[in-house]
Amino acid sequence: MRSRDPIMPDGLQAPLTPMNSALAGDIGIAEKVRFLRNPGNYPGRESTIEVAETHFSWVFLTEKHAYKLKKPAHGEGFDFRSVERRLRNVLVEIRLNRRLAPEVYLGIVALTLEPDGALKPGGSGTPVDWLVKMIRLDAGNMLDRRLVEGNWHYGELEAVAHRLAGFFADAPRAALTPPAQLAQIRGELRRALASLSRLGAPRLRSMAAPVVRTIDAFLSRRAALFRRRIAERRLVDGHGDLRPEHVYIDGIPQIIDCIEFRADLRQLDPICEIAFLALECDRLGRSPIAYRLMRRYRERTGDRPPPVLFFFFTALNALVRARLAVDHIAEPGTRSREEWVARAASYLAVAAKACRRLYR
Numbered sequence: 196m197r198s199r200d201p202i203m204p205d206g207l208q209a210p211l212t213p214m215n216s217a218l219a220g221d222i223g224i225a226e227k228v229r230f231l232r233n234p235g236n237y238p239g240r241e242s243t244i245e246v247a248e249t250h251f252s253w254v255f256l257t258e259k260h261a262y263k264l265k266k267p268a269h270g271e272g273f274d275f276r277s278v279e280r281r282l283r284n285v286l287v288e289i290r291l292n293r294r295l296a297p298e299v300y301l302g303i304v305a306l307t308l309e310p311d312g313a314l315k316p317g318g319s320g321t322p323v324d325w326l327v328k329m330i331r332l333d334a335g336n337m338l339d340r341r342l343v344e345g346n347w348h349y350g351e352l353e354a355v356a357h358r359l360a361g362f363f364a365d366a367p368r369a370a371l372t373p374p375a376q377l378a379q380i381r382g383e384l385r386r387a388l389a390s391l392s393r394l395g396a397p398r399l400r401s402m403a404a405p406v407v408r409t410i411d412a413f414l415s416r417r418a419a420l421f422r423r424r425i426a427e428r429r430l431v432d433g434h435g436d437l438r439p440e441h442v443y444i445d446g447i448p449q450i451i452d453c454i455e456f457r458a459d460l461r462q463l464d465p466i467c468e469i470a471f472l473a474l475e476c477d478r479l480g481r482s483p484i485a486y487r488l489m490r491r492y493r494e495r496t497g498d499r500p501p502p503v504l505f506f507f508f509t510a511l512n513a514l515v516r517a518r519l520a521v522d523h524i525a526e527p528g529t530r531s532r533e534e535w536v537a538r539a540a541s542y543l544a545v546a547a548k549a550c551r552r553l554y555r
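Here my numbering runs 195 ahead of the position in the sequence shown, where the first position is 1.
Everything labelled a hint here was simulated from the structure, so no lab data went into it. Mixed in with the good hints there might be a few duds.
[Said to hold, decoys possible] Pair by pair, the computed Cβ-Cβ distance ranges are: (1) G361 with R283: 36 to 46 Å; (2) G312 with A389: 12 to 22 Å; (3) R240 with P397: 54 to 64 Å.
[Stated by the list, open to error] In silico BS3-like cross-links for lysine-lysine, where the CA-CA straight-line distance does not exceed 30 Å: (4) K328 with K315; (5) K266 with K328; (6) K227 with K328; (7) K266 with K315; (8) K328 with K259; (9) K266 with K227; (10) K259 with K227; (11) K315 with K259; (12) K315 with K227.
C-beta: ideal position from N, C-alpha, C; glycine also.
Please work from the sequences and hints to get the whole structure.
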């Protein structure tokens with residue numbers, strides 16, 4: 196008899212059979228990936244499957260849908276090594292991403308082991324893993340691609356700004372104290388300087404050190420500003436990774452791939468999120484999106500942050516992106532060390548420019 200699991204979002208049906216943890220553990224992740232790479236294993240017998248791999252997931256792309264399988268990874272603040280934890284994660288992922296992309300995140304699909312020993316997506320057997328099922332979006336209509344090609348319209352940028360302004364106005368407020376926020380930011384400064392010193396070229400440290408000092412000094416000098424932002428309940432449970440490659444702009448904007456696995460990384464000032472998106476858009480195509488994002492945000496929320504706060508978060512975000520660039524040096528991939536160092540240097544140049552605006 197089919198039961199309804201209370202943790203399934205929006206009335207999604209629970210699996211037919213309770214999970215057998217021992218059985219799930221017998222099916223290795225490599226076997227699951229091999230199975231999902233085969234187009235004949237999907238409903239409708241797809242002709243081809245494209246596979247994309249990220250730090251935390253594999254994404255299997257059919258003609259119309261995308262199926263995401265979480266890797267059994269673990270790290271600071273998250274652990275996906277068990278099937279049960281991956282289930283909890285995908286449920287949270289759907290709930291959070293439906294805030295800004297309700298038409299994209301369709302639900303979860305159990306990868307089941309059938310009585311005949313075969314794997315099946317959405318079968319009636321024992322669940323051995325879980326897939327997030329999404330609508331496949333046309334990559335040509337993601338904001339990053341459109342900016343690079345110069346193929347965008349002012350109305351599309353306004354629609355993105357309007358969507359985000361409403362999101363920030365209605366998002367749950369973040370329960371972050373001033374000491375916790377300062378510790379969070381200063382932790383980023385320490386990590387950035389350590390990575391840029393350890394993995395980057397010597398010139399990266401010389402570029403990063405004054406940026407770190409300036410940001411740290413601003414935190415001390417304008418501590419009252421950050422306390423006031425928290426006291427006014429401006430910080431939200433936001434997106435956490437608001438990049439143009441996550442923004443679909445054909446029709447009603449759909450904004451995907453928020454950080455779902457660590458709530459602390461979503462506890463942000465909306466100005467930090469706006470500054471990050473504007474930074475990345477400017478790097479790709481110098482679009483006039485920053486003005487539109489801030490204008491719509493002020494209109495929708497009534498918040499009037501000082502302009503210096505935007506430049507502060509631009510500097511901080513650029514520093515963090517430089518750190519992430521050099522962190523990639525230690526990972527296998529297609530880019531060379533020189534390319535990652537050059538990218539880090541370009542972000543540090545942006546951070547330095549923003550730091551100069553902190554004293555005007």
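Checked hints:
1. Evaluation of the 36 to 46 Å hint for G361 and R283 yields a failure: the beta carbon distance comes to about 28 Å.
2. A beta carbon spacing of about 49 Å between G312 and A389 contradicts the range 12 to 22 Å that was offered as a hint.
3. Checked against the hint of 54 to 64 Å, the pair R240 and P397 passes, with Cβ atoms roughly 56 Å apart.
4. For the suggested pair K328 and K315, the alpha carbons sit about 14 Å apart, so the restraint of at most 30 Å is met.
5. Between K266 and K328 the CA atoms are separated by roughly 16 Å; this keeps the pair inside 30 Å, and the hint holds.
6. Distance restraint check for K227 and K328: the Cα-Cα separation of roughly 16 Å lies within the 30 Å cut-off, and the hinted pair is therefore satisfied.
7. The hinted pair formed by K266 and K315 meets the criterion: a straight-line CA distance of about 18 Å does not exceed 30 Å.
8. Among the hinted pairs, K328 with K259 is consistent with the structure: their alpha-carbon atoms are about 11 Å apart, no more than 30 Å.
9. Straight-line distance between C-alpha atoms of K266 and K227 comes to about 11 Å, which keeps the hinted pair within the 30 Å bound.
10. Our distance criterion of 30 Å between C-alpha atoms is met by K259 and K227, whose separation comes to about 21 Å.
11. For the given pair, K315 sits about 19 Å from K259 by alpha-carbon distance, which is consistent with the 30 Å threshold.
12. Annotation: proposed proximity of K315 to K227 holds, straight-line Cα distance about 10 Å (limit 30 Å).
Going down the numbered hints, you'll see the structure goes against 1 and 2, while the others check out.
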